[in-house]
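Below are the chains, spelled out letter by letter.
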Amino acid sequence: MAKIPKASEMAATLSHIPPQTGWMDTPTEFKQGRWCYGAKAKNMEVLGLPNPRDWSPTDADWKLPSNWKEIILEGLRERIGRFRSLRLFMDICVRCGACADKCHFFIGSGDPKNMPVLRAELLRSVYRKEFTTAGKILGKLAGGRELTEEVFKEWFYYFFQCTECRRCSVFCPYGIDTAEITIIARELLNLVGCNIDWIAGPVANCYQNGNHLGIQPHAFKDMIEFFVDEIEALNGIRIEPTFNRKGAEILFITPSGDVFADPGTYTLMGYLMLFHEIGLDYTWSTYASEGGNFGFFTSHEMMKRLNAKMYAEAKRLGVKWILGGECGHMWRVVNQYMDTMNGPADFLEEPVSPITGTKFDSAKGTKMLHLVEFTADLIRNGKLKLDPSRNDHLNVTFHDSCNPARGMGLFEEPRYVIQNVCNNFHEMPPNTIREQTFCCGSGSGLNTDEFLDMRMRGGLPRANAVKHVHDMFGVNTLSTICAIDRAVLPPLMDYWVPGVGVAGVHEMVGNALVMEGETERTTDMRGEPLAGMEDSEDEDI
Amino acid sequence: MKIYNGDKIIPGILIGVIILTFPLWLARGKAAATPDIKFDTPVIQKLAVKQCVLPKETMRTSHMVVLNDWRDAAVRNNTRVFTGMDGKKYDINLQNTCMECHSNKTHFCDQCHNYLGVNPYCWKCHIEPKETK
Amino acid sequence: MGINFSLMAVLTLVLVAFAGVKFMGLQMFFGVVAPYAAMALFFTGVIWRVLKWAESPVPFRIPTTAGQQKSLPWIKSNGLDNPSTKAGVIGRMALEILLFRSLFRNTKLEYREGPRIAYEWEKWLWLASLLFHYSFLVVFVRHLRFFTEPIPFFVQGLETVDSLFQVGLPTLYLSDLAFIAAVTYLFIRRIIIPQVKYISLPADYFPLMLIFTIGATGIIMRYVTKVDVISIKQLTMGLVTFHPVIPQGIGELFFVHVFLVSILFAYFPFSKLMHAPGVFLSPTRNMPNDSRIVRHVNPWNYPVPVHTYAEYEDHFRDKMIEAGLPVEKE
Chain A
0 MAKIPKASEM AATLSHIPPQ TGWMDTPTEF KQGRWCYGAK AKNMEVLGLP NPRDWSPTDA
60 DWKLPSNWKE IILEGLRERI GRFRSLRLFM DICVRCGACA DKCHFFIGSG DPKNMPVLRA
120 ELLRSVYRKE FTTAGKILGK LAGGRELTEE VFKEWFYYFF QCTECRRCSV FCPYGIDTAE
180 ITIIARELLN LVGCNIDWIA GPVANCYQNG NHLGIQPHAF KDMIEFFVDE IEALNGIRIE
240 PTFNRKGAEI LFITPSGDVF ADPGTYTLMG YLMLFHEIGL DYTWSTYASE GGNFGFFTSH
300 EMMKRLNAKM YAEAKRLGVK WILGGECGHM WRVVNQYMDT MNGPADFLEE PVSPITGTKF
360 DSAKGTKMLH LVEFTADLIR NGKLKLDPSR NDHLNVTFHD SCNPARGMGL FEEPRYVIQN
420 VCNNFHEMPP NTIREQTFCC GSGSGLNTDE FLDMRMRGGL PRANAVKHVH DMFGVNTLST
480 ICAIDRAVLP PLMDYWVPGV GVAGVHEMVG NALVMEGETE RTTDMRGEPL AGMEDSEDED
540 I
Chain B
0 MKIYNGDKII PGILIGVIIL TFPLWLARGK AAATPDIKFD TPVIQKLAVK QCVLPKETMR
60 TSHMVVLNDW RDAAVRNNTR VFTGMDGKKY DINLQNTCME CHSNKTHFCD QCHNYLGVNP
120 YCWKCHIEPK ETK
Chain C
0 MGINFSLMAV LTLVLVAFAG VKFMGLQMFF GVVAPYAAMA LFFTGVIWRV LKWAESPVPF
60 RIPTTAGQQK SLPWIKSNGL DNPSTKAGVI GRMALEILLF RSLFRNTKLE YREGPRIAYE
120 WEKWLWLASL LFHYSFLVVF VRHLRFFTEP IPFFVQGLET VDSLFQVGLP TLYLSDLAFI
180 AAVTYLFIRR IIIPQVKYIS LPADYFPLML IFTIGATGII MRYVTKVDVI SIKQLTMGLV
240 TFHPVIPQGI GELFFVHVFL VSILFAYFPF SKLMHAPGVF LSPTRNMPND SRIVRHVNPW
300 NYPVPVHTYA EYEDHFRDKM IEAGLPVEKE
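One line per chain: the protein sequences are A, B and C, in this order.
Read in order, the letters of the first sequence correspond to residues 0 to 540 in numbering that gives the first Met the number 0.
Read in order, the letters of the second sequence correspond to residues 0 to 132 in numbering that gives the first Met the number 0.
Read in order, the letters of the third sequence correspond to residues 0 to 329 in numbering that gives the first Met the number 0.
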């Protein structure tokens, strides 16, 4: 793990004033804790990616192919022809600077190349030099810049310092989306084998084993069954989930992070309890056991290769539709890419809730529903017996995850669910939630430990908003509907706002859900005593 | 060249071009008539020296400034005399001095004003001279 | 560097036109040839560039969703910031193009000790941009009085409104004031806000200075030095009717003004000024968020290698059987 300064020190040394030298003349220094390890050969080989080798971004020689420049420029030419977004965004930026102070990485690092406009200029300068008349003739005067090895390394450094959160694109008067530019820049980097291992590893795992963490089928089953035991210990109810079951009505897919580590695991227990209580006819899949898609952080092609499993498995199992768990970028992929890439899913049916009979018209094309939409509908129709006082020990706020926020627009559903399962809920300030929400600082495959310095910096705006409600209302729980959030917000909170925990929305649903035949609940899913039950906890001891 | 979303982009381009070239459509290549200012009023014809209060070129470009100054002088400062370029004194008076010579408002004033879309507010207060045809 | 270069460039253009007319008698070039050439370059350049954009497809439906999606009927969706219908998209685009809605969201970061981060009210950029574009539009439309005969009613009407206060003669146009104020603000913010200065290129200063000088020369001609507008309209109408003439007695300043305008038009298709047509094509704004309802087709969607279930089962069959997981082939 990278050594990072203390929070107070980091905050005190933060300055947003750019250096004296112009950005083209300021060389990029790879600072400790702000870059990720290079992709390992073995992971790239699994995927058949070009130029597999073991390398480190701090090496002087990145072992690029001798014709790397041609490959990159040809790749850029091809992508300009494929994506109107790219071509347009290269041409029309007026550098008004409205995006500059909207990026969490700029707010937290003060590094001017983290201003979205400048991040895009890193690529745009090369585009001008190589693909526009003015840039070819006037060069630097027209903002053009030769693609050199230094420039290429700078791309690697800064395009892996962007979490593709799209916050800048909300403020851009032309809708220029840095995520789009970063996605394509990363594709270019991948053409010559310059991915980071924290992405390439999960992608290779997911490709072969079905999920990012590389959990093999028998282990996956074991892990879920471990949670079944946990639930039984909690309330005496024995749940019997099924796996790879043909003929189930619904295929359920959630990020594998929820299977693997706290606090995501509590969210997963919430899923199991909810599905059991309503008697849902569903199955897990070990083949499509990943909701997330780190392929999305590699290239459009890799996103498609991983995403293909969802429909393929739904078809093989003969389910009617797919239900997706709480995940961030998974929903960007499902909402904006899946049907286009791997559809049409004409072998599935329009999602209908078997419990309430609600037809979900808004998902009639993809045939895939977000669990929070599904649960909101259950609550609305009075199908769940809920005791929100079981969450009284929690004082909750909600973090809108970037992708469901700005790549989908899922704002009210999670709030509706939270307010039905919790009694204490406080919103963070309006500039930091909903479409203006701040990234956790670790999205888009950057949730790795060697990147910790930048993660804490990028998470500062989010943490600062949490601190506001923590100080003001005593908020102690940051709820979220994203698996990466659940993994990275706890260390972020410990760093900036100690005393605030992180929970998935369905963890709180699981706490509040009154199940038929349950024994008296004295603790929440984490084994923490419920409000008013502190004494009974003592008796046990 | 394959065009995507041509059903929206091509009409968009056409609408843009048509709007921006609007003056061309209006003119349709016909040479435009230019105003023909007449100085042949009976009073001017009788003048020995055909000379306005200031040089012709100045009056052409800046008569509105002169008139504005005259108004301020007469109405606000009660000054009624203007010394012309040749030292000659003139009575500051639109109707009796200017329109005395330029009694042909339609040919002298309006032609150019209309040509350039100027709507002077002289005649909101002053009485328009009656023209004899 | 950008500031000095742009300043020098604009000054050079002014001097070239001035000297060309004053000493070399190149009225024909600056008054007729340059405007025609600029217009030709403008139209072919802009159309070519837009067609270039149109050549690239929009493979994915990627609107930036800035409001509640349309999902369950009892949840109120935000039809403008997250449109799911064509009408919603038209509304969103209209607000974007006519009122710069996204820019209206702008805030200013205030980083204070603690750390305490605040996002302060900052509508000046929005206001100045709006003022700049609309005053430019008014000036543009007002200039039609030089390019039409008879002059259409809306030009006259606009002129009346624009000179509402009847200050001075010729009357002061409000749009002239707004225009100069807005351009000046946009220029000053570019050099005093450190981050904005840092990102600014010569291509950012040049158009601002060019446009400012165009405005300044126009204003000087109207209010200070005065020009023979009858002769000028003869020249401009000559251009419009394709019967070009150079009447006598037009001052150098006019040719400087016209030449700078010509440069602006000629420069347009090769510069960031293309944001004007570009904003219409922005895929994050001009598409409905309905990709879960209607399939969006990617014209270059190609088959990719996938790890099939059969391969997966082949790899793990024994372990799966042992764990009691169903398999296709025993």
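It should be emphasised that the hints constitute simulated quantities derived from the structure, not laboratory data.
Bear in mind the structure is a predicted one, so any value in this text is a computation, not a measurement.
Ideal Cβ positions, reconstructed from N, Cα and C, are used throughout, including at glycine.
Check before you lean on any hint, since a few could be wrong.
So the derived list for chain A, only partly shown, Cβ under 10 Å to chain C, looks like this [said to hold, decoys possible]:
#1 Ala-6
#2 Leu-13
#3 Ala-97
#4 Phe-105
#5 Thr-147
#6 Phe-151
#7 Val-169
#8 Cys-205
#9 Asn-208
#10 Asn-243
#11 His-299
#12 Met-340
#13 Phe-346
#14 His-392
#15 Ala-464
No farther apart than 25 Å at their CA atoms in a straight line, the calculated lysine-lysine pairs in the DSS-like style are these [to be verified]:
#16 A:Lys-245 <-> A:Lys-135
#17 B:Lys-49 <-> B:Lys-88
#18 B:Lys-1 <-> C:Lys-51
#19 B:Lys-55 <-> C:Lys-75
#20 C:Lys-318 <-> A:Lys-135
#21 C:Lys-75 <-> A:Lys-363
#22 C:Lys-75 <-> B:Lys-7
Going down the list of hints, with the structure as the test:
no.: 1; hint: Ala-6; in the structure: holds, 9 Å
no.: 2; hint: Leu-13; in the structure: holds, 7 Å
no.: 3; hint: Ala-97; in the structure: holds, 5 Å
no.: 4; hint: Phe-105; in the structure: holds, 8 Å
no.: 5; hint: Thr-147; in the structure: violated, 19 Å
no.: 6; hint: Phe-151; in the structure: violated, 21 Å
no.: 7; hint: Val-169; in the structure: holds, 5 Å
no.: 8; hint: Cys-205; in the structure: holds, 9 Å
no.: 9; hint: Asn-208; in the structure: holds, 8 Å
no.: 10; hint: Asn-243; in the structure: holds, 5 Å
no.: 11; hint: His-299; in the structure: holds, 8 Å
no.: 12; hint: Met-340; in the structure: holds, 7 Å
no.: 13; hint: Phe-346; in the structure: violated, 14 Å
no.: 14; hint: His-392; in the structure: violated, 28 Å
no.: 15; hint: Ala-464; in the structure: holds, 8 Å
no.: 16; hint: A:Lys-245 <-> A:Lys-135; in the structure: violated, 60 Å
no.: 17; hint: B:Lys-49 <-> B:Lys-88; in the structure: holds, 16 Å
no.: 18; hint: B:Lys-1 <-> C:Lys-51; in the structure: holds, 10 Å
no.: 19; hint: B:Lys-55 <-> C:Lys-75; in the structure: violated, 71 Å
no.: 20; hint: C:Lys-318 <-> A:Lys-135; in the structure: violated, 60 Å
no.: 21; hint: C:Lys-75 <-> A:Lys-363; in the structure: holds, 19 Å
no.: 22; hint: C:Lys-75 <-> B:Lys-7; in the structure: violated, 30 Å
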